[in-house]
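Undergrad: Protein chains in written order, with my numbering: chain L, 1 to 415; chain P, 1 to 415.
Because the hints were derived from the structure by calculation, they are not lab data.
Which stretches of chain P does chain L cover? Using the computed rule of at least three CB atoms under 8 Å from a CB of chain L, they are:
id : region
1  : 212-218
2  : 351-359
3  : 371-379
Here are the simulated EDC-like pairs of lysine to aspartate or glutamate, each with C-alpha atoms no more than 16 Å apart in a straight line:
id : chain 1 : residue 1 : chain 2 : residue 2
4  : P       : K333      : L       : E194
5  : P       : K110      : L       : E356
6  : L       : K333      : P       : E194
Glycine included, each C-beta is placed from N, C-alpha and C at the ideal position.
Protein chains: 2
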Amino acid sequence: MNELNIKGQKAKKSSFTLAQLSSNDKNKGLKAVADAILLNEKDIIEANKIDVSNAEKNGVKGSLVDRLTLDSNRIKSMAEGIMKIIQLDDPIGEVMWMKKRPNGLEIGKKIVPLGVIGIIYEARPNVTVDAFALCFKTGNAVILRGGKEAINSNLKIIEIIKNALISVNMPSDAVSLIEDTSRESATKMMKLNEYLDVLIPRGGAGLIQAVVNNSTVPVIETGVGNCHLYVDEYADLEMAVNILVNAKTQRPGVCNACESIVVHTDIAAKFLPTACKKLREHNVAIVGDPIAKSIVQDIEPASEEDYGKEYLDYKISIKVVNNIDEAIEHINKYNTKHSESIITENYSNARRFLNEIDAAAVYVNASTRFTDGFEFGFGAEIGISTQKLHARGPMGLKELTTSKYVIYGNGQIRE
Amino acid sequence: MNELNIKGQKAKKSSFTLAQLSSNDKNKGLKAVADAILLNEKDIIEANKIDVSNAEKNGVKGSLVDRLTLDSNRIKSMAEGIMKIIQLDDPIGEVMWMKKRPNGLEIGKKIVPLGVIGIIYEARPNVTVDAFALCFKTGNAVILRGGKEAINSNLKIIEIIKNALISVNMPSDAVSLIEDTSRESATKMMKLNEYLDVLIPRGGAGLIQAVVNNSTVPVIETGVGNCHLYVDEYADLEMAVNILVNAKTQRPGVCNACESIVVHTDIAAKFLPTACKKLREHNVAIVGDPIAKSIVQDIEPASEEDYGKEYLDYKISIKVVNNIDEAIEHINKYNTKHSESIITENYSNARRFLNEIDAAAVYVNASTRFTDGFEFGFGAEIGISTQKLHARGPMGLKELTTSKYVIYGNGQIRE
Numbered sequence: 001m002n003e004l005n006i007k008g009q010k011a012k013k014s015s016f017t018l019a020q021l022s023s024n025d026k027n028k029g030l031k032a033v034a035d036a037i038l039l040n041e042k043d044i045i046e047a048n049k050i051d052v053s054n055a056e057k058n059g060v061k062g063s064l065v066d067r068l069t070l071d072s073n074r075i076k077s078m079a080e081g082i083m084k085i086i087q088l089d090d091p092i093g094e095v096m097w098m099k100k101r102p103n104g105l106e107i108g109k110k111i112v113p114l115g116v117i118g119i120i121y122e123a124r125p126n127v128t129v130d131a132f133a134l135c136f137k138t139g140n141a142v143i144l145r146g147g148k149e150a151i152n153s154n155l156k157i158i159e160i161i162k163n164a165l166i167s168v169n170m171p172s173d174a175v176s177l178i179e180d181t182s183r184e185s186a187t188k189m190m191k192l193n194e195y196l197d198v199l200i201p202r203g204g205a206g207l208i209q210a211v212v213n214n215s216t217v218p219v220i221e222t223g224v225g226n227c228h229l230y231v232d233e234y235a236d237l238e239m240a241v242n243i244l245v246n247a248k249t250q251r252p253g254v255c256n257a258c259e260s261i262v263v264h265t266d267i268a269a270k271f272l273p274t275a276c277k278k279l280r281e282h283n284v285a286i287v288g289d290p291i292a293k294s295i296v297q298d299i300e301p302a303s304e305e306d307y308g309k310e311y312l313d314y315k316i317s318i319k320v321v322n323n324i325d326e327a328i329e330h331i332n333k334y335n336t337k338h339s340e341s342i343i344t345e346n347y348s349n350a351r352r353f354l355n356e357i358d359a360a361a362v363y364v365n366a367s368t369r370f371t372d373g374f375e376f377g378f379g380a381e382i383g384i385s386t387q388k389l390h391a392r393g394p395m396g397l398k399e400l401t402t403s404k405y406v407i408y409g410n411g412q413i414r415e
Numbered sequence: 001m002n003e004l005n006i007k008g009q010k011a012k013k014s015s016f017t018l019a020q021l022s023s024n025d026k027n028k029g030l031k032a033v034a035d036a037i038l039l040n041e042k043d044i045i046e047a048n049k050i051d052v053s054n055a056e057k058n059g060v061k062g063s064l065v066d067r068l069t070l071d072s073n074r075i076k077s078m079a080e081g082i083m084k085i086i087q088l089d090d091p092i093g094e095v096m097w098m099k100k101r102p103n104g105l106e107i108g109k110k111i112v113p114l115g116v117i118g119i120i121y122e123a124r125p126n127v128t129v130d131a132f133a134l135c136f137k138t139g140n141a142v143i144l145r146g147g148k149e150a151i152n153s154n155l156k157i158i159e160i161i162k163n164a165l166i167s168v169n170m171p172s173d174a175v176s177l178i179e180d181t182s183r184e185s186a187t188k189m190m191k192l193n194e195y196l197d198v199l200i201p202r203g204g205a206g207l208i209q210a211v212v213n214n215s216t217v218p219v220i221e222t223g224v225g226n227c228h229l230y231v232d233e234y235a236d237l238e239m240a241v242n243i244l245v246n247a248k249t250q251r252p253g254v255c256n257a258c259e260s261i262v263v264h265t266d267i268a269a270k271f272l273p274t275a276c277k278k279l280r281e282h283n284v285a286i287v288g289d290p291i292a293k294s295i296v297q298d299i300e301p302a303s304e305e306d307y308g309k310e311y312l313d314y315k316i317s318i319k320v321v322n323n324i325d326e327a328i329e330h331i332n333k334y335n336t337k338h339s340e341s342i343i344t345e346n347y348s349n350a351r352r353f354l355n356e357i358d359a360a361a362v363y364v365n366a367s368t369r370f371t372d373g374f375e376f377g378f379g380a381e382i383g384i385s386t387q388k389l390h391a392r393g394p395m396g397l398k399e400l401t402t403s404k405y406v407i408y409g410n411g412q413i414r415e
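Next up, chain L with everything else stripped away, as it sits in the complex (with noise of 0.2 Å):
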């Protein structure tokens, strides 16, 4: 038997368990591993050494470096994290309703844990800990396959996590890692059926779709993020600009940022010399359409491909459009379904905007970086999911549960 059918079979068995644990031990599980972390900081930081040498040795890029890299600040942000899981509302267990039937059965349906969640991952050993965190919270166990890159972290990690949960008598099966990082236990993992109930994947485009495509197991697809800012011909300029330097340039590294400008053509010579000014003063690159090249002219010229990239960097391309049909046309042909902004003050145009756009957010004068599981006010979250099927948006710990049917009788069959 191999290392993945090994630990998806503890993990399944695991499961049954941890669905019964009350909120309090679950809480005490995780406070236990918190106070490991903090405590074990020095055995983690070495580990940690390790993969930052062996990566700066294989030529790995510096920000990848970065994302690899734990200090101390980092790792007492692991152990907030865990912290802020604690005080949130544990879901499972909830009926979210119960009615009875004619026949006076009494059916309800009630919050339980998926199962066994795996999570895909690449270089940032922090989502170890994350994960762990939300999956243990709502009673799940988790099977972490994380990049090579980490793989020393992320073995000392999950040997802490492990060690502290024995500490305090909840099962250690609760989460595991896969040892073997070959790109064929990745693959492996994707045909875990017998096990796994959700296998979600956290990285870039080449991951999520490798997943996408060759996953038997259900998949919940994070991530990309190809957003727009449509500015309409009654948007407020000012807000506009201020809306799109966030949108672009207050983390252009992440899902959420803004990759592409849409103009009303009425106002196009209005608000783009002044946003393409603002933008240039953050070192944005600026590609356009050949009228927005005529209004800006040392702008490039932007290919189809433009239009579709998700730049996740100090990049982005601007659109004129004749009205707000040719810019939902646009964004909805262009986008991932993640965020899309409208700025306007017309009550039509924010509602059709709101309606017809097919994304997992859709906002009107307000920045695309706010589609974020703590800045929706769900505390934390596993991942932000960019498909129509069980969670869209930022997923919480309400997104990491099912549900299942209790139904009460005293006798009742079936004419």
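Using the hints, position chain P against chain L.
TA: For chain P alone, kept in the frame of chain L given last:
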């Protein structure tokens, strides 16, 4: 461009229109379709006769020919089914909650259609009408891929639906039928991620498994039900016999019928003789473990395979257990996560069964036969989900929807 891509593209385009229709408009479309089906009864029966005669020529077995056959009554009930769906509340547009965040953003979670739903099904032409009506009511476009046995009936029904929609200015691309009934067309449909938001297989275990294993489109797994009745040591035995006979024999060919009895050893000698006698009066074949056989001697031995089997027939297996732990373990091992029932007067055992059995519907003192959209009060169903993602149990209109976050701001940017 092949048939699937052409129809996929049209359905996708149509889905944007459908999502914006009012309930009144959608009900008008449904009413026109119901009327047209009744009006064109003769044409449907004529087309159906070709299918039935082909099936008989090809030696298709009697029960399948029966499912395939349409007569005046069955066509009437198709139209009645639509009329019932018209009566149901339209879930689309409901804002489940809206809250104001500290920064003044108002964030709401709104119910919207899934988009384009694909359905792969087998011989029953009534599914064509049902699936269309449920999808149309929820503002979804639907692409149907029925079995080759029903192709003539399906083509005629689709023609009637499309013409009826056109007659009341509704988009006829709301529904389409894949005319290529080869295995290849089904396989291609499973990869139609560009156009399909979800794929629902309806049919036997083989079809469902093929879709789960090969689809890159998100799937909702439906149907297979290896349902158990656990007769606890504290059962009311008269109730237990009553419920058993109902759950097994009221309609043995459906997924919520009982396939296995689990009995506490302390009441086995009292319960099994009566139970088996009653089952035999209904011509139910019985297999059991050695203890069951020692009590009711003329039953056949049950194999390991029997316990994992959905007979869909007048046959049942018996397993005797020493306690409720063994009962729960046995059921969680062999069940298909569909419907399970305990017969008991004991509070703690009832509670443990409800909590610890992993299934879509868990009953105390009632027949498993109630797991059904109508019986649960949903009014209609597209199938019974046995997976945990998105929908679990009977899938009504609500399960054919997703949500989107609508966010009202006045210039908010992220700090």
